[in-house]
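Peer 1: Read off the chains here:
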Amino acid sequence: MSTAPVARTGLRTGVRAYGPTDWLGGWRALFIGSALMTLPFVGLTIWSFMWWTAGFDKTHPDFTTYWYRLFQAEIVAVFAIAAVWWGWLIRSGRALAKQAVVTTAEKVRRVAVFWAYIALSSMILYWMAGYWPNWDGAWHQTLVRDTALTPPHITMFYFTFPMGIVTSVATYIYGATRLPELYSLRKGVHWAFFLLIIASVLETMQVAFNEFGHAWLVVEEIFAVPYHWPFVTYGWLAGGIFALWGETVLYLFRVAKEHAQLQGGEVAAQERYAA
Amino acid sequence: MTVTTERHTGLLVGERTMSTEELRALLTQKYAFIDRKWDLVFWVTATFVVGAACFITYILFAGDWDFWTDWKDRLWWPTVFPASAIIIASALQYIQWRAWRFPTGATYTAVCAWLVVYIGRALWWTGMHDYPFNFIWPQTLVLGGILMDMVLLLTRSYILTSLIGALVWELAVWGTNYIMLWPFLQPTEWMGHIMTLADVQGNAFIRTATPEYLRIVEVASLRTFVGETQYVSILFGATLCFLAYWVGQFIGRYLAVWPIGKFIKTP
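Residue numbers (the numbering used here), protein chains in the order written: chain S, 20 to 294; chain F, 2 to 268.
Treat the hints loosely; a few may be bogus.
[Stated by the list, open to error] Quick list of in silico lysine-lysine cross-link-like pairs, DSS-like style, CA-CA up to 30 angstroms: (1) F:LYS266 to S:LYS126; (2) F:LYS38 to S:LYS77; (3) S:LYS126 to S:LYS77; (4) F:LYS38 to F:LYS263; (5) S:LYS206 to F:LYS266.
[As the list claims (entries may be wrong)] Pairwise CB distance ranges, derived in the manner of DEER restraints: (6) S:TRP107 to F:LEU236: 53 to 59 angstroms; (7) S:GLY62 to F:PRO212: 30 to 36 angstroms; (8) S:TRP104 to F:LEU154: 41 to 47 angstroms; (9) S:VAL163 to F:ILE265: 22 to 28 angstroms.
Read the hints as simulated data drawn from the structure, not as lab findings.
Glycine is no exception: its CB is placed at the ideal position from the N, C-alpha and C atoms.
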């Protein structure tokens, strides 16, 4: 991609202080979103380091105090976050749909914000499949597996996995409401979103098979056991995220081309007037 | 400019090959709103999903041989680990070569996966559970990634990359990590038994949920091929890498690229 200093001159909407591709303009959502996404996981990590020794035995009162309460709080938090986030996206999206004209700069800003949503989906997949599984492995290979509610499971399966669903659905709602030229519901359900969302849904459901397998086949923690493999194959479905990046890049080129044609038309009109 | 003076780039546009001049004009064209920030955001934010995808793939197919030095045997480790790690590297190779003609997908995957696993091992395995880092060190895929990307760049063929690149990947992944493993394969006497330093580590640092009887090392009769076990395993591992490369190609082609512009029609 080439740099384009021409982009910024005279194309700001007038109501926004920064352009759609300025770090503090369209990309601001990326920084705010990343910080908000990171915050609960930093908190859970600190919590885990402080209270992991209270998680050895589910029958101990300390387990209830530090881990079972956390489990309950996570479930409530996931539903609350989903309700607020999705609700705001749908409500504001309906208001935006009534706008007759969307400027080029606004279209580009929405793509930048959409990329912030994709980035959040990418990050949550890391917390799901990269960050917590490390603790899960360290815990189960060296300590115990007494129930489905061991500390690494409480942080991973019952908060991070559902948050994967919440984030990917939020990304879909943003795309459908803010980028209707690409993802309007009238066109149907986009395959990339279907794959991205179903990956998180199936990962969450796979938790049950995992526990079933541990109870029935191999109680100990061999990581390569076949009943772990669906976690991998379901995760591959999240490859749809690349289609979202690719599709919006193509859309950006289309928007830029339309913009150039509009600009060309204006120049030609001015030349005619001058003549 | 005449047709005879055109230098062809090999980049297909529709049914014709784009000339160097056309490609240069395309690359230097100024686009409104399209700048390097998009590239930067993509490369940085994709790190998370790529690293996690590669990590979760090899950790759940071959993680036990990845975690500990005493699981890294001659038979199973070179057979299962490189083959499970090549899958996402292959997918990214397809995506990046298809999108930008960048022969970087495998290297990018290797670096992302290394970041993910390094953070995990340092934070949880050593930081919380106190295992010494020289017992649980993360393996590297970087040299394998660079060489496999080189094969793609030189051959410009997925088929040849799957044949040659997979073998190169197997040898490089095994070789680079074997250098790190080497010191732990030195023989030593412990409680009247001759064993490797890696075995001593496994005995000294208790893993209550992974007892010794679960350790899958040197299982099967291949070890009776005196002096040849490792080479048979490596060659078989390369065969598995070839097959796994095409699993990765499936992911790249049909899960990552095919969905562009595709909708599930709703009534």
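Peer 1: Can you give the numbers of the hints that this structure goes against, from lowest to highest?
Peer 2: Hints 2, 3 and 9 contradicted; others consistent.
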